[in-house]
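Protein chains: 2
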Amino acid sequence: MADSPKERLLAATMDYVTKHGIGELTLRQLAAALGTSHRMLVYHFGSKEGLLTEVVRRSEAEQRQFTSQLLADSDQPPIDQARRIWQQLAQPEMAPRERLFFEVYAQALQGRPHTRALLDEIVETWLEPLIAINRQNGMPPAEAAASARLGLAVTRGLLLDLLATGDHKGTSAAMEHFLTNYLPLVAPVSKSRGTQKGKRKR
Amino acid sequence: MADSPKERLLAATMDYVTKHGIGELTLRQLAAALGTSHRMLVYHFGSKEGLLTEVVRRSEAEQRQFTSQLLADSDQPPIDQARRIWQQLAQPEMAPRERLFFEVYAQALQGRPHTRALLDEIVETWLEPLIAINRQNGMPPAEAAASARLGLAVTRGLLLDLLATGDHKGTSAAMEHFLTNYLPLVAPVSKSRGTQKGKRKR
DNA sequence: TAGCGCATGTACCAAATGGTACATTTCTCC
DNA sequence: GGAGAAATGTACCATTTGGTACATGCGCTA
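Chains E and L, in that order, give the protein sequences.
For the first sequence, the positions run 1 to 202 when my numbering is used.
For the second sequence, the positions run 1 to 202 when my numbering is used.
What the hints contain is simulated information worked out from the structure, not anything from laboratory work.
Heads up, some of the hints might be wrong.
Identical copies go unnamed one by one, so any copy, or any two together, can satisfy a pair.
[To be verified] Below are the DMTMM-like pairs computed for lysine to aspartate or glutamate, each with C-alpha atoms no more than 20 angstroms apart in a straight line:
id, residue 1, residue 2
1, K48, E24
2, K169, E124
3, K169, E62
4, K169, E143
5, K48, E98
6, K169, E121
7, K6, E49
8, K169, D3
9, K48, E121
10, K169, D120
11, K169, E98
12, K48, D15
13, K169, E128
14, K6, D80
15, K6, E54
16, K19, E7
17, K48, E7
18, K19, E62
19, K169, E93
20, K169, D80
21, K19, E60
22, K19, E93
Because the structure is a prediction, the values reported are computed rather than measured.
All chains should be modelled from the sequences, with the hints used to inform the complete structure.
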């Protein structure tokens, strides 16, 4: 059951969609790439929309897993954690996943049906753990929320920049500019020596 | 010549595309909405791709004009200028244009043909004037570039957030958090009293 | 007014798309 | 090993798509 035919098809579809995007997808092209017929896709997923819905759902799940993984080991200072996260996200191998993420994001903003559930989670999923980190570092609620939201925006904005320009150096410099000039200033009171807060998300 | 039939069609198409997005556009639906036939669209623009190319080009032009308009009157302190720009961008009436912007952005990242020229400009167009402003306020080149890039990312990231969540209050609070905690700190030396630097972009 | 070029409407086409009917194979469980 | 269900392949269908042929209208200039 773990790798039922449907599951195998979905996994292969995720690979394909990560490479080729979701916008111009047709069942026949996908099926050909997967070595099957479009008949099977309809059989297992009901319809094209059904397939896309599951693709988006799976994408969400992977992202959630990725989030908790990135934010997990918080023993190091938040600023170092943030640096590490950006380095991970800025790796070239991540680009296809991120392109897909922003493509689905944009389609959701345009109201495409199979993305209906996405908009509620696309910010909140990342915001919650970030706010929690900020609270743990002694930030008052309002500031914790604003700071988390800002960090998320910085990360996504710089990722958009990186994907468009390919300027790893420039975008990383901007992130470093943010981390060094901004992060140390927000949470003056905290644990022992000045660990401050955490930013980051995709 | 100013409002040739082609020009009128393009203008009406911009309206339509701003409302309905560009991803699921078909010539027939568009033509029906414009009160003409898809025959005319092909006649004037050569093909669907030709039409989309001109739509993207026009969108770029409008954005460039909007940029220079927003960054024009720089008599006020950069932080107030930044606030004003965000208020403009966050207005609900701007949402459709911004949704279209991010949709085209995402399609460009996926390599759709009619967007080829976009990726080179989509960051640079906004970056240049921002860097110029930072330089005018006495920032060294490297810092001016990083700071401009950061401000652009913050704005676009928060716009993505706002479009998804509709949380005008929360995103504006995050922007204000950025402006008050970050902006005043970057350029300590400057003109007279502490005007510092400018951030902003869409 | 005659003529010419731009613009437009109607009808059509081939290709591709999502989806389905039906037959066949493969797997699973008793 | 046999029966029933799950899975798959082949062929087909109606619809929609971008694009075109052809005829008609409109506006300008001589």
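So, going through the hints one by one against the coordinates:
1. Taking the closest pair of Cα atoms, K48 and E24 come within 20 angstroms of each other both inside a single copy (12 angstroms) and across two copies (15 angstroms).
2. In this homomeric assembly, K169 and E124 come within 20 angstroms of each other (Cα to Cα) only across copies, at 15 angstroms, whereas the closest approach inside a single copy is 29 angstroms.
3. Proximity of K169 to E62 under the C-alpha cut-off of 20 angstroms is found in neither arrangement, the shortest distances being 27 angstroms within a copy and 29 angstroms between copies.
4. Proximity of K169 and E143 under a CA criterion of 20 angstroms is satisfied inter-copy only: 13 angstroms between copies versus 30 angstroms inside one chain copy.
5. In this assembly of identical chains, K48 and E98 lie within 20 angstroms of each other by CA distance neither inside one copy nor across copies; the values are 23 angstroms within and 28 angstroms between.
6. In this homomeric assembly, K169 and E121 come within 20 angstroms of each other (Cα to Cα) only across copies, at 18 angstroms, whereas the closest approach inside a single copy is 31 angstroms.
7. In this assembly of identical chains, the alpha carbons of K6 and E49 lie at most 20 angstroms apart only when taken from the same copy (15 angstroms versus 36 angstroms across copies).
8. Taking CA atoms no more than 20 angstroms apart as the test, K169 paired with D3 passes in neither setting, with 41 angstroms inside one copy and 45 angstroms between copies.
9. Neither within a single protomer nor between protomers do K48 and E121 lie at most 20 angstroms apart by alpha-carbon distance, with minima of 23 angstroms and 35 angstroms respectively.
10. Within a single copy, K169 and D120 get their C-alpha atoms only as close as 33 angstroms, which misses the 20 angstroms cut-off; across copies the closest is 16 angstroms, which meets it.
11. For a Cα distance limit of 20 angstroms, the shortest separation of K169 from E98 inside one copy, 18 angstroms, qualifies, whereas the shortest one across copies, 27 angstroms, does not.
12. Within a single copy, K48 and D15 get their C-alpha atoms as close as 17 angstroms, which meets the 20 angstroms cut-off; across copies the closest is 29 angstroms, which misses it.
13. Taking the closest pair of Cα atoms, K169 and E128 come within 20 angstroms of each other only across two copies (17 angstroms); inside a single copy the shortest separation is 30 angstroms, beyond that limit.
14. Proximity of K6 and D80 under a CA criterion of 20 angstroms is satisfied in neither setting, with 41 angstroms inside one chain copy and 55 angstroms between copies.
15. Proximity of K6 to E54 under the C-alpha cut-off of 20 angstroms is restricted to the intra-copy arrangement: shortest distance 11 angstroms within a copy versus 42 angstroms between copies.
16. When the C-alpha separation of K19 and E7 is checked against a cutoff of 20 angstroms, the pair qualifies only within one copy, where the shortest distance is 19 angstroms, while the shortest distance between copies is 37 angstroms.
17. Proximity of K48 and E7 under a CA criterion of 20 angstroms is satisfied intra-copy only: 16 angstroms inside one chain copy versus 37 angstroms between copies.
18. Taking the shortest Cα distances, K19 and E62 sit within 20 angstroms of each other inside one copy (16 angstroms), while across copies they are farther apart (31 angstroms).
19. Proximity of K169 to E93 under the C-alpha cut-off of 20 angstroms is restricted to the intra-copy arrangement: shortest distance 16 angstroms within a copy versus 36 angstroms between copies.
20. Taking the closest pair of Cα atoms, K169 and D80 come within 20 angstroms of each other only inside a single copy of the chain (18 angstroms); across copies the shortest separation is 30 angstroms, beyond that limit.
21. Proximity of K19 and E60 under a CA criterion of 20 angstroms is satisfied intra-copy only: 17 angstroms inside one chain copy versus 27 angstroms between copies.
22. Taking the closest pair of Cα atoms, K19 and E93 come within 20 angstroms of each other only inside a single copy of the chain (11 angstroms); across copies the shortest separation is 35 angstroms, beyond that limit.
The earlier numbered hints that this structure contradicts are 3, 5, 8, 9 and 14.
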